[in-house]
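S.K.: Sequence:
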Amino acid sequence: MKRPLTKIQWQPFHRLVSPGLTIIAVVTLIAIIFAQEFLSWQSEVERHEQSLLQVARSFSQHVDDTIDQSTLALADLRSEIDDEYGTSAIKDKLNAMMRAQVAASHRLGSLIFINAQGDLVASSAPHPPANVNFADRDYFRLHRDNIQQGTVIGLPITDRLTGKAGFTLSRRYERLGRGSFAGVISATVPLAYLESFLGSFDIGQEGTLLLMRADGIALMRNPHRQDVLGKDMSGYGLFTRQLKERTVGTYHYLSQTDGRERIAAFVKSPQTGMVVLVSASQDETLSRWIGNARGRWMSLGIAVLLVCYASWRSLRQSRLRLQRERDVTAREAEFRSLAEASADVIQRLDENGIRHYVSPAGERMYGKPAADLIGTCITEGLSADDASRVEDVLRRLRAGASTDTVLVGRVNGQGEKIWVEASFTRTSIPGESQRFSVVVVTRDVTRHKVSHDQLDTLAHTDALTGLANRRALEMRLAKAVEDLNSGEACLALLMIDADRFKHYNDRYGHIAGDRCLEAIAAVIRAAASRSGDVAARYGGEEIVVLLPGATLENARVVAERIRAAVQDLGVEHQDNQPWGKVTVSIGVASLSARALEVPTKLVEEADKALYQAKSLGRNTIVMSEAHS
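The sequence shown runs 1 to 628 under full-length UniProt numbering.
Think of the hints as simulated: they come from the structure by calculation, not from any bench. For every residue, glycine included, the Cβ atom is placed at its ideal position computed from N, Cα and C. It is possible that part of the hints are untrue.
[As the list claims (entries may be wrong)] Lysine-lysine pairs mimicking DSSO-like chemistry, simulated, CA-CA at most 30 angstroms apart:
| hint | residue 1 | residue 2 |
| --- | --- | --- |
| 1 | K502 | K91 |
| 2 | K93 | K502 |
| 3 | K231 | K244 |
| 4 | K601 | K479 |
| 5 | K502 | K417 |
| 6 | K368 | K502 |
| 7 | K164 | K91 |
| 8 | K479 | K502 |
| 9 | K614 | K502 |
| 10 | K614 | K93 |
| 11 | K581 | K93 |
| 12 | K479 | K368 |
| 13 | K479 | K417 |
| 14 | K581 | K479 |
| 15 | K581 | K502 |
| 16 | K601 | K614 |
| 17 | K614 | K581 |
| 18 | K244 | K164 |
| 19 | K244 | K479 |
| 20 | K368 | K417 |
[Stated by the list, open to error] Ranges of calculated distance between the beta carbons of each label pair, as one might list FRET restraints:
| hint | residue 1 | residue 2 | range |
| --- | --- | --- | --- |
| 21 | G235 | K91 | 28 to 34 angstroms |
| 22 | G295 | G235 | 39 to 45 angstroms |
| 23 | R396 | G230 | 47 to 53 angstroms |
| 24 | I30 | L464 | 54 to 60 angstroms |
| 25 | T446 | D372 | 43 to 49 angstroms |
| 26 | K608 | L155 | 20 to 26 angstroms |
| 27 | L464 | A303 | 29 to 35 angstroms |
| 28 | Q50 | G570 | 18 to 24 angstroms |
| 29 | M475 | A565 | 26 to 32 angstroms |
| 30 | E518 | R389 | 37 to 43 angstroms |
| 31 | D575 | L155 | 21 to 27 angstroms |
| 32 | E518 | E380 | 16 to 22 angstroms |
| 33 | C377 | I30 | 33 to 39 angstroms |
| 34 | I429 | L300 | 45 to 51 angstroms |
Go ahead and model the full structure; you've got the sequences and the hints to work with.
M.R.: Take a look at the structure:
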């Protein structure tokens, strides 16, 4: 039997621990801690970047929706002017229509129609100023001197009817069939409305938001800066560098306005070209992390000083070395207990994902004592997809990657579904160059994940009907096309339009029109009930239903169900004869062959079929089969 180690045997071994080794150990510890601090700082910065990007996306979508609604209002006015031009009642009818549109939407500040000389013909103002002329407005001169059929986003102005700041959306008006300039139709979007929407987001006390046109002209700044409105920003780095490479992203820059380092996120709308820039002060957003880090650094500095002092003392008092080793051991145990008290779960795995150590926090997350988890695989309890993602991370680490991160869902000890972020770090095993271990730090990010999903849902949902918006439809249609070209049997699309809906709005008002659209949307949502079906508001009163895997006959059945259900609603519509209630016309198109331009072709075929349904008397269905 071997004799136990005595003090005489221990002391010569202890002298091998030289001051040089102590210094190396301290330096290595500091390096590891600073590396962890750097990773923590990067994670905090990325979190703020993603938060700002979500705000930018949501605000950009809201601006697009506002411009869409204003554009529809201008189109309605243009149709009304064509119908009433030259009649004695045109001014009264236009005034009433404009006031109803502005009253029905907070997005509109005012509506006006001015003649070819710039004089006010009709407006949404109850008491417009007398003899007011708009010939000095930039948008009036632009439309007068240029033939443009589209809507033009103008410069920031002070609305002469309301006295409030905003920017204009205007269209050139030409006499039907003559092609000559006959005036301008203009809508004003109030900045106060957009600022109130921004108030639902937290971008910090020093955060800013800029709304700019595609050419760099600033339309809005929050907090308000009058000297910024109308300023050309095209020479700034956002336009000269960032937007030349991508339309959505984040970057850091030094503000020329206040001299602060800022974190920024930007989105350029593919629909309107409007650019949204949301920025936050780096000092403000990272102040909490920096405050916590200073405490940790101070503790680290004190710990390093204590270790150095202990090493210096050990050189002078060799007779106390054994006691000092015991003190160091006790200190390390204390450090370990503090580390294991962390809310984050710390695990050590082998290269195959088998647990060799789990901190006590694992019991709260996994619902088992930490000791029971030793020897189990980290993928246990995960869904097949999440387990596959974790296996991919382990394969990358085996291939030589040093770190990786994955987000997975699991059930915690209370039986609740949570989302966790696991950061994997590959660490070498001393003396074994071919093997390695993995340190995993896991934290609960359920609240952040839920907030992210809610913002994402908001960005892809139509606010009035609760259906998907046009942007979401385009994404789902593109995915359906990929499936079709990858072997999916067929694809069908329904184009649905409320019959004589303009007359419904004229008679019953836009608020009633909105309620009618909501009721129609509810019927369509119930009819398109399969998991892959998508119902989306396409524009105005048009709603599109995408039916992946549906044949033309399947689509006809769904369309008839929708048509009959809308008619059965019994919503009164005296201008929709002979029925006297709200009805819909539906165009149906399907595709079973491959084609590179399927999305455009399928929508065009459904739209043609809808037009034929309208021509056949409405409240009917017309089907069309597209071919590549």
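S.K.: Each of the hints needs a verdict: does it hold here or not?
M.R.: Evaluated hints:
{"no.": "1", "hint": "K502 with K91", "verdict": "holds (19 angstroms)"}
{"no.": "2", "hint": "K93 with K502", "verdict": "holds (14 angstroms)"}
{"no.": "3", "hint": "K231 with K244", "verdict": "holds (20 angstroms)"}
{"no.": "4", "hint": "K601 with K479", "verdict": "holds (15 angstroms)"}
{"no.": "5", "hint": "K502 with K417", "verdict": "violated (47 angstroms)"}
{"no.": "6", "hint": "K368 with K502", "verdict": "violated (63 angstroms)"}
{"no.": "7", "hint": "K164 with K91", "verdict": "holds (24 angstroms)"}
{"no.": "8", "hint": "K479 with K502", "verdict": "violated (34 angstroms)"}
{"no.": "9", "hint": "K614 with K502", "verdict": "holds (14 angstroms)"}
{"no.": "10", "hint": "K614 with K93", "verdict": "holds (27 angstroms)"}
{"no.": "11", "hint": "K581 with K93", "verdict": "holds (25 angstroms)"}
{"no.": "12", "hint": "K479 with K368", "verdict": "violated (41 angstroms)"}
{"no.": "13", "hint": "K479 with K417", "verdict": "holds (28 angstroms)"}
{"no.": "14", "hint": "K581 with K479", "verdict": "violated (37 angstroms)"}
{"no.": "15", "hint": "K581 with K502", "verdict": "holds (14 angstroms)"}
{"no.": "16", "hint": "K601 with K614", "verdict": "holds (20 angstroms)"}
{"no.": "17", "hint": "K614 with K581", "verdict": "holds (16 angstroms)"}
{"no.": "18", "hint": "K244 with K164", "verdict": "violated (34 angstroms)"}
{"no.": "19", "hint": "K244 with K479", "verdict": "holds (27 angstroms)"}
{"no.": "20", "hint": "K368 with K417", "verdict": "holds (16 angstroms)"}
{"no.": "21", "hint": "G235 with K91: 28 to 34 angstroms", "verdict": "violated (45 angstroms)"}
{"no.": "22", "hint": "G295 with G235: 39 to 45 angstroms", "verdict": "holds (43 angstroms)"}
{"no.": "23", "hint": "R396 with G230: 47 to 53 angstroms", "verdict": "holds (51 angstroms)"}
{"no.": "24", "hint": "I30 with L464: 54 to 60 angstroms", "verdict": "holds (58 angstroms)"}
{"no.": "25", "hint": "T446 with D372: 43 to 49 angstroms", "verdict": "violated (24 angstroms)"}
{"no.": "26", "hint": "K608 with L155: 20 to 26 angstroms", "verdict": "violated (40 angstroms)"}
{"no.": "27", "hint": "L464 with A303: 29 to 35 angstroms", "verdict": "violated (60 angstroms)"}
{"no.": "28", "hint": "Q50 with G570: 18 to 24 angstroms", "verdict": "violated (48 angstroms)"}
{"no.": "29", "hint": "M475 with A565: 26 to 32 angstroms", "verdict": "holds (27 angstroms)"}
{"no.": "30", "hint": "E518 with R389: 37 to 43 angstroms", "verdict": "holds (40 angstroms)"}
{"no.": "31", "hint": "D575 with L155: 21 to 27 angstroms", "verdict": "violated (40 angstroms)"}
{"no.": "32", "hint": "E518 with E380: 16 to 22 angstroms", "verdict": "violated (47 angstroms)"}
{"no.": "33", "hint": "C377 with I30: 33 to 39 angstroms", "verdict": "holds (34 angstroms)"}
{"no.": "34", "hint": "I429 with L300: 45 to 51 angstroms", "verdict": "violated (26 angstroms)"}
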